[in-house]
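Line order of the protein sequences matches chains Z and Y.
Note that our numbering gives residue 111 to position 111 of the first sequence, counting from 1, and the numbers run on in steps of one.
Note that our numbering gives residue 77 to position 77 of the second sequence, counting from 1, and the numbers run on in steps of one.
For the record, the hints were derived by calculation from the structure and aren't laboratory data.
Predicted model only: the values in this text are computed from it and were never measured.
Note that CB positions come from ideal geometry on N, CA and C, so glycine has one too.
You may find that some hints are simply not true.
Claimed, not checked - To give a feel for the contact side, a few chain Z residues facing chain Y, derived at Cβ under 7 Å: (1) Tyr-28; (2) Pro-40; (3) Arg-42; (4) Gly-43; (5) Pro-44; (6) Gln-93; (7) Lys-100; (8) Val-101; (9) Ile-105.
What follows is the residue order along each chain.
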Amino acid sequence: SQKIEQNSEALNIQEGKTATLTCNYTNYSPAYLQWYRQDPGRGPVFLLLIRENEKEKRKERLKVTFDTTLKQSLFHITASQPADSATYLCALQNSGGYQKVTFGIGTKLQVIP
Amino acid sequence: DAMVIQNPRYQVTQFGKPVTLSCSQTLNHNVMYWYQQKSSQAPKLLFHYYDKDFNNEADTPDNFQSRRPNTSFCFLDIRSPGLGDAAMYLCATSDPRAPGGIDTQYFGPGTRLTVL
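Work out the full structure: start from the sequences and follow the hints.
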């Protein structure tokens, strides 16, 4: 069966360090992989999208990598700040016509001042 | 600003009493979704409308229904809420017609449903 795995345990890092979150998947052939941020009691907010033929995508302090051989995406936040504290969800969309987006459980990031 | 709006933000209902949650969008997106999200879980897709075409997920209980009277509005009806239906309900939109067919989801703030 299809599965998206994100570390459900919270990730605590010191302010200024680089946070790295992992998204692994099985039995998917994703056309796109997306990362969203979700704050408590709020809806997810889109951050970055990376296509299957892309290795890396950057946006300001954010960087996403996508390895379709390892079936893994890494999400990096450089120079992390307490305001980056949130839950980060990865989401996959299979290729082939219109396919729904499926979300992972998310990883809670806590940036400690 | 273009956005997705959900009302109410908090809804309390009694066990078995029908409830309707509403969603509106000013993005003019052709796809609208309803997700259920319980604490520390992934958003779970209940159904979506691609234009007027309704698409139900196979494991969505019959207790959940949806209506989309026009492009801007979508409603989630829970006919007989049970204690297990207490959750955050998220409405989202997307426009796969955008260049590249990218299905980025734009979410509303959610409605927190409590069932007493």
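Going through the hints against the structure:
no.	hint	in the structure
1	Tyr-28	violated (14 Å)
2	Pro-40	violated (10 Å)
3	Arg-42	holds (6 Å)
4	Gly-43	holds (3 Å)
5	Pro-44	holds (5 Å)
6	Gln-93	holds (6 Å)
7	Lys-100	holds (6 Å)
8	Val-101	holds (6 Å)
9	Ile-105	holds (5 Å)
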